[in-house]
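What follows is the residue order along each chain.
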Amino acid sequence: MLRRNLGVVLSVLFLIGGLATSFTSVTAQEATPAGEPFKVGFVYVSSVGDLGWTYAHDQGRIALEEAFPNIETGYQENVPENPADAERVIRQFAQDGYDLIFTTSFGYMDPTINVAADFPDTTFIHISGFKTAENVGTGFGKIEEPRFVSGQLAGAMTETNQIGYVAAFPIPEVIRGINAFTLGVREVNPEATVRVVWTNTWFNPQQERAAAEALLDSGADVIAQHQDTPGPQQAAEDRGVYGIGYNADMSPLAPNAVLTSAIWNWGPYYIDIAERVMNGTWESEQYWGGWQDGVVDMAPVADFVPEEIRTAIEEEVARFKSGEENIYTIFTGPIADQTGTVRVPEGQAMTDEELLSMDWFVEGVEGEIPS
Amino acid sequence: MSSRSAISPSRRLRIERVPSPSRSATAVVSALSFVLALLCGGIILFLAGENPIQIYGSMFSGALGDWNGVAETLVKTTPLLLAGLGVAVAFRMQLWNIGAEGQLYLGAIFATGVALFLIPGAPGWVMVPIIVVASLLGGGLWGLIPGALRAWFGASEIITSLMLNYVAILFSEYLVHGPWRDPQAFGFPGTPSLPASAWLPNWGATRVHLGLFFGLIAALVLWVMLRRTRWGYEIGVMGENPRAALYAGMPTKRTIVLVMALSGALAGLAGMSEVAGIGHQLQRNLSPGYGYAAIIVAWLARLHPLGAVLVAFLLAALTVGGDQIQMSLGLPAAIAPMLQGTILFFLLGGDVLTRYRITRVPGT
Amino acid sequence: MEHIRAPNSLELGPGMKDRHPITHHPSPITPPSHHPVTPSPAVAMRGISKRFGSVVANDRVDFEASWGEVHALVGENGAGKSTLMSILAGLYRPDSGEVEIDGAPARLRSPRDAIARGIGMVYQHFMLVEPFTVTENVVLGEQRSGVDLELGRVERELAGLSEKYGLGIDPRARIWQLSVGEQQRVEILRLLYLGARILVFDEPTAVLTPQEARSLLQTLRGMAAQGFSVVFISHKLDEVLEVADRISVLRRGEIVATTRPAETDRRTLARLMVGRELAEVVEQPASEPHEPVAQGDAVLEVRGLYALGEKGLPALRGIDLDVRTGETLGIAGVAGNGQRELAETVTGLRSVTDGSLRIDGKELTNRPAAEIARAGVAHIPEDRLATGLIGGMDLSENAILRGYARPPLCSGPFLASKAVASFTDRLIADHDVKTPGRWAKLRTLSGGNQQKLLLGRELAGEPRLIVAVHPTRGVDVGATEAIHQALRDQRARGAAILLISEDLDELLALSDRIVVLFDGRVMGAMPASGADPEEIGLLMAGIGNRESEVGTRV
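Residue numbers (our numbering), protein chains in the order written: chain A, 1 to 371; chain B, 1 to 364; chain C, 1 to 554.
In short, the hints are calculated from the structure, not lab data. Bear in mind that the values here come from a model prediction, so they are computed numbers and not experimental data. Treat the hints with caution; some may be incorrect.
[Claimed, not checked] Stretches of chain C that chain B covers, calculated by requiring three or more beta carbons in the stretch to come under 8 Å of a beta carbon on chain B:
hint : region
1    : 375-389
2    : 413-420
3    : 455-468
[As the list claims (entries may be wrong)] Derived BS3-like pairs: lysine-lysine, alpha-carbon spacing no greater than 30 Å straight-line:
hint : chain 1 : residue 1 : chain 2 : residue 2
4    : A       : Lys131    : A       : Lys39
5    : C       : Lys418    : C       : Lys441
6    : B       : Lys253    : C       : Lys441
7    : C       : Lys236    : C       : Lys164
8    : B       : Lys253    : C       : Lys164
9    : A       : Lys131    : A       : Lys321
[Unchecked claim] Here are some chain B residues the structure puts well away from chain C; computed CB gaps all over 12 Å:
hint : residue
10   : Leu38
11   : Phe46
12   : Leu116
13   : Ile130
14   : Gly154
15   : Ser156
16   : Leu175
17   : Phe213
18   : Met225
19   : Tyr233
20   : Glu234
21   : Asn285
22   : Leu353
For glycine and all other residues, C-beta sits at the position ideal for the given N, C-alpha and C.
Full structure from sequences and hints, please.
See the structure below:
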């Protein structure tokens, strides 16, 4: 009974599908321009309207499209990070003739490597990972630099000396950001502490907001975040306290709360990569750009911040943009961990390897790294 | 026959079970539901200013238009089929196991643990059978727990199996962030890669792997088991009329526990096949909800093991085809789940119409 | 539970020896106390007939109830009491006949019509939402209140009604906090709130403890004293005699008598309820050739058996009985006196709380049903579709329910499909089951054919003991005959048969001995040949010679 039943269903599916394909192939041929465009694909973990991580990448995509007339871009939102789905989507882009594919979440690392092995003529850039291949590069930015400066701002603005930090996962990227932020806070306000709550999600407005509210209840008066939605900022706005946004300038969504935001600025990087791939000069690399390179930035400081603080912060920003300060100056000793033990001796800077595998909190962070 | 009906309205609509829906009616209704779903989805798309035919065409070509599409659809079919079979066998006995998701994770955890830490050096012909058994044990254990609670304490397996999903998923998070984390991965979550001997062989250059074969075998074995064996017969009787099972002296409690364990074991096999067949490591986000989609698979298949093969394939095709909408047409990704939802809604709705009919009851 | 009153007299009262008992038509009762005298009866049902298929539930029934009276409706199970009252409550429509309420013709098409005419019915099973308060439960059923729920107003009104009629219900109490008796009074309160003036109770004391029952009966009297018309269905003769102003006896769908407590007694009522004419009953066993079969050893030995019923109350209180090979032991009794529990304990479906159970000398107390079945016990259960058969499965799947786990129906873990098919076909042929084939769903068969299949299956293994409960209930005449013949054949073969039935004819026709159960005890035992139906009827009503009961082993 069932076989027959589904047989009918499937034959209907095939029939309709067949008709429709013949229709689309016609329109597709008509639409294809004569010149071969350079096709760039983007695999996104959430939706372009998230006003967070994916939004920032999509702004970069738009900038890329505007920079070159012969570039055509395509993207796929909400691609799950499980290997089965992610690899399928990446493979589909490759198969559809995309020349350059950006996979913009950590969970796409192995799928990217797997697909790349089958498509040697296609270039892949995986954002935030560490595995490379002949045709796979990685790209990331030193968001710790703006985080450090935004930490200074938070440290200057807090009255309760308690700052809350809503964090996604206990992975090095997030831990590093918390540490840079805390070092910034403590540089201007040694009394202040940063309390961390893990949400175990990148993207969940309700959960992120709830975590922020818990921090506010415990006395925090500035909320920073390593999350992809503005939920924590809105919680701060509702309580009439301050916040530090992330990914994009979040001030339009919480105008009275957001002091500034640590933001991504992918456009210049994407343009650079595409240009190099098009003219054949790209070679596999691990790109880790800083503020000086423009891939990370900090949103303008809110105008309700007192003049003298704003001026001081803007001077600090200038030092980072010029390269006078950078991630290595931030992570230069003496740096003690939560127990007070000095982990980085005076005058010594942490190496890239140490930074990329960081799994301990600096002094001044309240919270644990689950292991 | 209650005091409440003493004051119920005089006329009402009643939903009655149709004793035995005819086969042709079932087939016609299913086909019609599908066409209606496409029409309805098409109208919505049209109103939104899109070209429905182009969208359907792109879905079809994405899922089944070329060998790669078919292969990817089969990849997606595998976990849906295995977990769906597990759910179906439990539902046959009116055991509402909605813990397939957690059972899948447990299967994956057991398989990974065995392959990485117990017998990492074993050759493939030893390794694969052992991790298969490990995953059956892991998933089976996770099904057995709610089964035992139901059998001996009368605890609702709906609640317990659902709750164990969270336990399983969080346990796997703990492992990949903590003790099983790959030391080479700079602190990023995820276990090291399984030894290559544990990788399920692929079919040619595609990602289709041995897991699909396990699924097909499992469907066949279940079908024979349910139709031809004493145990299958007992499951059927207990599902249809538990009192008759008691009357016939069937070991109800033992069967509840065993069926839940079997149900979990099949989901566990799905977890193993995702780890050993696709990702080759245990990582976060192993399953995008296969354990829940399995419930739809089982239900649409009318709890029939061979039906589950076709339904799993259909659902997989809808998902794979859905990707294509944005990729090739640049339309919002939300269109795909909307269409999938519409199609499922109509299919399930049509299913209700074949099994039940609505009648007007003049004064009860 | 000592509610057996010594009969006033062992002799029949004057006029009660007649073949047809006098039907009393008393002059309308003057409503007690303050109720304004209403000339019309509260309820007048005339010539009500109702049939369900071939079963006549009510046959031209005339029934009247006055304002201010408690009118009891008594009769055996299946006599048509509930049907008649369901017609009054608007649940069923009569095939013919008329209903007048307070002198005006009433068309009761639905429960709503009935309540609009002031008729409210309290059932045995309450439909109350446990976590809700009394007031909320009342409002749930009220449809005229619309969206605007004035809980406060309703609550005051309920408190007033409770006070006025002495129901003692706090409208703010939550249902789960209330006892069964209190919940019943909530149902009454709800009906009063909805404006009911004619209150119908379906066996209201069946669910109550003796104390609660007593209190309820007082409430009923109180309601009548306030001018309500109270009708209550019962087969407990003590309470009927105690509380009713008038008593109507229904038997086989007909009103056979309407009388008053002062003019009758328990014996008479019992005889009216069970009663067939003496001559008729005496003839009956004679008409059934009942060849003596050599009776051998006891197959079933039951000693001091105690078991609990569905509600957790004792249902069997020390039963002793034996059934020998070649013997049919008939169990008589009014429904709910332990028959069902007896069948279930003997077949292993219900646990024994005290006492013992042996089959062929083998101790099988509290052994699993499967083990008891393997000892050679067949079971034709009370409700075949709920227990003995699987409606959604086909005939062969039903046919193998007993034997699927033993060769030849299986080989190893597999079912032997050929053997299953031939076994099913043989059952269908041997027992004349009318069906399109063994693949047909059982549900599509008529009751008689379902029962024949079940019987065939149960008898297939040549059982040592057959427990048959209401084997012909809901079965047409032809199938009944076939089933009776099959049971006789089994007896002749040497099987021991425990036959439980509410049909006295059936019991007398098939049994060698008859045991009467009352309130979970053996009330009396006698050989079936020459058994006095009247005596059985009295025993069924709980009236018996106490001496003969003591130490009776049957």
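Evaluated hints:
1. 375-389: holds (count 6)
2. 413-420: It holds, with 4 qualifying residues against the three required.
3. 455-468: Coverage by chain B is violated here, the residue count being 0 at a Cβ distance below 8 Å.
4. Lys131(A) x Lys39(A): holds (23 Å)
5. Lys418(C) x Lys441(C): The given pair, whose Cα atoms are some 19 Å apart, holds under the 30 Å limit.
6. Lys253(B) x Lys441(C): Since the Cα atoms of lysine 253(B) and lysine 441(C) sit roughly 27 Å apart, the hinted pair holds (cutoff 30 Å).
7. Lys236(C) x Lys164(C): The given pair, whose Cα atoms are some 29 Å apart, holds under the 30 Å limit.
8. Lys253(B) x Lys164(C): violated (53 Å)
9. Lys131(A) x Lys321(A): Holds, at about 29 Å.
10. Leu38: The claim stands: leucine 38(B) keeps its Cβ more than 12 Å from every Cβ of chain C (closest is about 33 Å).
11. Phe46: holds (39 Å)
12. Leu116: holds (36 Å)
13. Ile130: holds (25 Å)
14. Gly154: At about 16 Å from chain C, glycine 154(B) clears the 12 Å cut-off, so the statement holds.
15. Ser156: holds (18 Å)
16. Leu175: Fine: 37 Å to the nearest Cβ keeps leucine 175(B) off the interface.
17. Phe213: holds (24 Å)
18. Met225: Per Cβ check, methionine 225(B) is inside 12 Å of chain C; nearest 9 Å; violated.
19. Tyr233: Per Cβ check, tyrosine 233(B) is inside 12 Å of chain C; nearest 6 Å; violated.
20. Glu234: violated (8 Å)
21. Asn285: At roughly 40 Å from the nearest Cβ of chain C, asparagine 285(B) sits farther out than 12 Å, so the non-interface label holds.
22. Leu353: Given a closest Cβ separation of 19 Å, the condition holds.
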